[in-house]
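So the sequence shown is numbered by the numbering used here: it starts at 1 and just counts up by one.
None of these hints come from the bench; they were simulated from the model.
Here the structure is a predicted model, which means the values were calculated and not measured.
Watch out, some of these pointers could steer you wrong.
[Said to hold, decoys possible] In silico EDC-like pairs for lysine to aspartate or glutamate, Cα to Cα no more than 16 Å straight-line:
1) Lys136 - Asp205
2) Lys18 - Glu243
3) Lys136 - Asp126
4) Lys136 - Glu34
5) Lys18 - Asp273
6) Lys136 - Asp199
[What the hints assert, rightly or not] What follows is a set of in silico ranges between Cβ atoms, one per label pair, in the way DEER data are often shown:
7) Pro209 - Arg37: 13 to 23 Å
8) Pro85 - Ile2: 42 to 52 Å
9) Asp326 - Cys44: 50 to 60 Å
Beta carbons are placed, not taken as given, at the ideal position from N, Cα and C, and that holds for glycine.
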Amino acid sequence: MIPRSNVASETPLAELLKPLTPNETFFVRSHAREVPRIAAADYCLTIAGVRGVRELTLAELRSLPRIAQTITLACAGNGRTAFDPVPSGVPWGMGAISTAHWEGTRLRDVLQLAGILENAAHAVFDGYDGPSHDGKPPYRRSLPLARALADGTILADTMNGEPLPPEHGGPVRLVVGGWTANHSMKWLRGIGFADRPDDGWWMNDYRVPGPDGAPRMIEAPAPIAILASPLFGETWARNAVLEGIAYGEPAPARVRVDVDGANAGETEVRYGDGPYAWGRWSLRLALSPGPHRLAIRPVGANGVAAPMRASWNASGYRYDGPHLVDVVVSE
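Construct the complete structure from the given sequences, taking the supplied hints into account.
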């Protein structure tokens with residue numbers, strides 16, 4: 001892992017080429033002072049619904065219909081250090097993104113068990129983690145009810161076939177497929193309902209300027225393409241096979257590679273792990289000996305590539321520019 005702060009560690013890019021990111025190298029981002037360690041036998045999820053307050057143990061959650069899905073999680077700040085100038089915040093490279101096979105129960109099954117309030121438009125979530133490590137209030141978020149009821153929104157208790165590790169939110173966490181990872185609350189403790197979005201600190205922090213300049217909540221990550229092999233600093237052969245991943249909304253259809261400012265080729269993105277997982281790409285390039293700068297960019301279904309300069313914002317969220325890699329090709 002690549003440490004980025006005392007509460008954040010990044011996945012090495014070479015790990016992105018594995019079918020699933022191993023638990024021990026899956027990126028970590030926490031707002032807690034320390035990781036809660038809750039015994040499976042002691043876990044309790046409280047839901048305040050139309051039928052009153054319902055408490056569910058881990059065993060009771062596991063008795064509900066099970067769902068298993070491969071889902072990519074990407075931090076809203078992934079790629080922050082690629083902005084120019086670099087905003088403040090965790091200095092993420094391109095590795096605050098990982099994919100796992102999650103198993104649990106769909107959130108909608110749990111909400112319907114408790115009974116959704118008639119005027120509810122949002123589900124509200126609290127965790128076991130308490131106040132933040134830097135004095136901010138406890139992590140709390142809400143989801144529009146439509147997203148809470150979606151197929152890709154689950155309460156996960158296993159990760160890659162193992163009990164969900166505490167560092168990744170065990171015993172139970174929320175996983176919101178297709179949206180940035182700040183929505184996927186760890187150490188889930190309580191769920192309620194509201195007629196409007198939560199207005200707490202964490203809901204207001206994860207925002208970027210919209211088309212009209214007003215702050216809007218971040219939902220899906222911007223389309224991104226990442227080169228995972230060869231890596232920066234390696235000696236490249238003249239005929240190199242480039243490999244990487246692509247992710248975001250809308251899902252990239254192709255990846256374009258520029259070498260020293262000129263288009264050197266495009267390749268298709270291959271998807272095969274479900275609607276909430278990243279795609280993979282590869283491209284063979286013949287490069288002349290010497291130093292080169294590569295720019296890796298996603299291309300949409302409309303044939304338009306991502307911009308060469310990212311849409312800057314003060315929080316460094318939702319990076320949408322190229323993955324720039326300086327290389328030297330051997331003689």
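Evaluated hints:
1. Restraint check for Lys136 and Asp205: satisfied, since their Cα atoms lie roughly 11 Å apart, inside the 16 Å limit.
2. Only pairs whose Cα atoms come within 16 Å are accepted, and Lys18 paired with Glu243 is accepted, the gap being roughly 11 Å.
3. For a cut-off of 16 Å, the pair hint linking Lys136 to Asp126 stands: about 14 Å separates their Cα positions.
4. Under the criterion of a C-alpha separation no larger than 16 Å, the hint pairing Lys136 with Glu34 is consistent with the structure, at around 14 Å.
5. Distance check on the hinted pair: Lys18 and Asp273 sit about 13 Å apart at the alpha-carbon level, within 16 Å; holds.
6. The straight-line distance between the Cα atoms of Lys136 and Asp199 is roughly 14 Å, inside the 16 Å bound, and the hint therefore holds.
7. Distance hint check: the CB atoms of Pro209 and Arg37 are about 39 Å apart, inconsistent with the given range 13 to 23 Å.
8. The supplied range of 42 to 52 Å is broken by Pro85 and Ile2, whose beta-carbon atoms lie about 22 Å from each other.
9. A hinted range of 50 to 60 Å for the beta carbons of Asp326 and Cys44 is consistent with their spacing of about 51 Å.
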